[in-house]
Amino acid sequence: MSEPWRDDFPALADGMVYLDSAATTLKPQPVIDAVRWFLEGGTAAVHRAVHAKSVAATDRFEATREALARWFGADTDEVVFSRGATEAINLVRRGLPSLGHVAVTVMEHHSNFVPWMDVPRCDRISVDTDGNVNEQELKESLAAGAQLVAVTHQSNVLGAVTDLRMISELVQKQNAALLVDAAQSASHDPPQLHDLKLDFIACSAHKMLGPSGAGALIVDRKWYPKMRPSLLGGHMVEQVHLDGWTMQSPPHSFEAGTPAIESVIGWGAAVNYLQQLGPDAIADRLATLTDYLLQRLGAIPGLNLVGPVSGRRGPLAAFHLEGMEATAVARIVSQRDQICVRSGYHCAQPLHEHLSMAPTVRASLQLYNNEQDIDRFCSVLDSVAKIACM
Amino acid sequence: MFQIKRLVAEPLLRLSCVASASNSVALSRPVELPADSSRQALPLKRLLAHAQANVPFYHDRLQEPDSSVATVSDLLNAVPVTTKDDIEANFPDGVTDGSDPADWRMMSTRGTAQRLITIQGFEKRDAVRAANLRMLRLAGGYRPGMPMVEIPPEVCENVCGEMGEEDEGVLSHLWSMLRERRLREQKSIRDLRGLVERNWIFNRKTYSGFGIHGSHPPPEILDQYVAGLRRDRPYLLKALATYLTTIAKHLRDSDAKPLSIPVIKTMGSRVTPGQRELLETSFGGKFWDDYGSAEFGSIACECDQHHGLHVFDDFFIVEVVDANGGRVADGELGWVLVTDLMNLTMPLIRYKIGDVGRIDHSPCACGRTGPRLTVTGRAHDVIVDREGGWCTTDDVVDFLESQPVVDSAQVSVKSKGWYEIAAVAIRNASIERGVLAASFAQWIGGQPRVDVNVVSTLRPEAGGKFRYVRGDLERR
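One line per chain: the protein sequences are A and B, in this order. Just so we're aligned, residue 1 is where the first sequence starts under this note's numbering, counting upward by one. Just so we're aligned, residue 1 is where the second sequence starts under this note's numbering, counting upward by one.
Bound conformation, chain A alone:
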């Protein structure tokens, strides 16, 4: 399969090479159209009114919930909208305030690391340089009473894909909960809530070709009675009296206030777009491109890749170029040939500390990339490598 979808992404029309999809993805035309529909003619509050505009907006809004549920193998009422993956993770942390012992891996994004640091006991499970989670440490943590394990599905630095089935089995044996940060994998390898026996999945729209400002927590409904809403206010209540209030049923009880309606509607269009192509086809295409990227990068003198070089991995590659600060590399490729890559710690500073790594350059792929993008990137890197001895 080549790149039949490239023309759907207007941002590429100016000739840039976009290799920063792990940070945020470009938006296809249907998503832009959906957002425009709401902003131009469809503006209305959702859930609140009986007029035609509100009904139409609510239908589209709720259709996103349904599409996400299908995408993650969950039921529609198991999708709680949030402002992003970070807020989704915080919904769990604040929703379960009595948690006394959790375990997180050291390769988590800050959004799945910082929220757990104030739990009385937070075990940091180590990983090796390929991103393999230390199973023994995890077992010991669970045996010591960890109530929840928070783990990324795909490292945004190493590209390593976590063995969720193995972790899920360990977690179930100890009757603990498993939260998966699927921000990196949601667009092409969505973890399945019930199939993998997960408890929570966090994801965000902007990393799934959708607009920013929307995310979701996919929750096994058995957790609803144990969780308390972290935000109180409109929409999440059923009745309000002078001396008290009653709560709506979930997921609405966790969605206080007016949501980012156009973002959620745009996200629905993004999921439909992804569904049309199919996760398997997208994953295959990204695997091919990732192999090509790794092969081309591996041939550049002085370039050291981090993360696994073989086996299953996500569509990204982080690396060091000997003698060059990552920021300088990213700036040069941008200036030279409109190539967008990320540099720094990628919001995963603990991982860099754990592996004693300097900041890295990261190139990440999406379905709109092609081999020519990688060639252009590597061609500039080749010339940058000439000054790598500095």
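Bear in mind the hints are in silico, worked out from the structure with no lab data behind them. Each hint should be verified, as a subset may be incorrect.
Below, a sample of chain A positions facing chain B; criterion: calculated Cβ distance under 8 Å [stated by the list, open to error]: (1) 228; (2) 232; (3) 234; (4) 236; (5) 239; (6) 331; (7) 336.
Straight-line C-alpha distance at most 20 Å; calculated SDA-like pairs for lysine to any residue [said to hold, decoys possible]: (8) B:45 <-> B:21; (9) B:187 <-> A:236; (10) B:187 <-> A:358; (11) A:386 <-> B:93; (12) B:414 <-> B:454; (13) B:352 <-> B:369.
Calculated Cβ distances over 10 Å to all of chain A for the following chain B residues [claimed, not checked]: (14) 122; (15) 207; (16) 277; (17) 331.
Idealized CB from N, CA, C, for every residue including glycine.
Given chain A, work out where chain B should sit, using these hints.
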């Protein structure tokens, strides 16, 4: 300790030069060239020939040098202006000369644009060191070993992985080299040389910037800077202009005893003519202006006449040009172009540095005959008034800071005829927004819309520098 450093600094500097085959001490002695002399034309011809033959970007851009053309002006007239975009689009292999990269070092700008990265070979780095020594000596009489305090712009407050400089002592670095058996490692030796230069030859201390406090930290924070300066008693204070003026105003407003710092300089930003007196009164010394950039190093500095910046014309050719690249008459405002005679590795020829200013070829009262430059701000900070005239950063800042109760202010051109001002009031006073808006409208002319916001502090840009005017010259 200070006296020891004074004694050993000069010998160390010479030793360092000998050890590294550097010519920087000799180069730092100024050479007085008659304007447009053949002595300046020769290195220019060498540069043009080298660039034309070895640097892909200049292959077609430059003519084969004509040996009959003798003047600098004639040689430069045939060369188009080089922009940052040109350099960036060809960096690195297209704009370098194919020499051995082992000798290269990369310099990155930390200005508001935070874009350009230049490469310097050994010869250029030597010249940068020399120009810095010359600037320090000519503009303020600094000698190696004298204590110096720097307050550079804050680089990055985010977790972004920008590595920045590491502050380490000479002896601890040497000890780690011994312990880890890195005595022969080139990078360690280079770092050691840098540390010796920083801590011993220049006897430099660095204070951190204002960080989260923006342009106006609370008085207790400013007291810490003042206490540090009283303790360290630097001969030279070099800081971001915003830091200098804020500390100076704090000294003035708190009725504190003025400091006694003989030489005050700014780094990476401009002190306007109207701010000089304040700095000199509060710091108890003289403000000496100089001009330079990450791409070039020190380009020019003031003499004791304080009447324009003497260009180091054995290192650089500086022109001031109009929008078409034609040289403007002396005294007229235009874009500053710099040709670096010392960087053959990555030649920058008629390079539009992004500043605006004036040039003056008349002899200075100090006796020097080379060109003098007056820089008035960044080109993208220039506001074009309704008659097409330019209001530079100096003009705008001096006007706003002369307004009653305005401590400092930032102006943005939102669109033609629409200005937004963010103003900080002087301590214990309040700004009448309507009065300030009317005053600015009258000053800029026409019947503009002027929105005034009163704020407690101004925020720096991502590079750590403060931008006081967001103009519209470069938008046209």
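Each hint, compared with the structure:
no., hint, verdict
1, 228, "31 Å, violated"
2, 232, "31 Å, violated"
3, 234, "31 Å, violated"
4, 236, "33 Å, violated"
5, 239, "43 Å, violated"
6, 331, "6 Å, holds"
7, 336, "5 Å, holds"
8, B:45 <-> B:21, "26 Å, violated"
9, B:187 <-> A:236, "61 Å, violated"
10, B:187 <-> A:358, "17 Å, holds"
11, A:386 <-> B:93, "8 Å, holds"
12, B:414 <-> B:454, "17 Å, holds"
13, B:352 <-> B:369, "24 Å, violated"
14, 122, "12 Å, holds"
15, 207, "24 Å, holds"
16, 277, "39 Å, holds"
17, 331, "35 Å, holds"
Checked against the numbered hints given earlier, this structure breaks hints 1, 2, 3, 4, 5, 8, 9 and 13; the rest are met.
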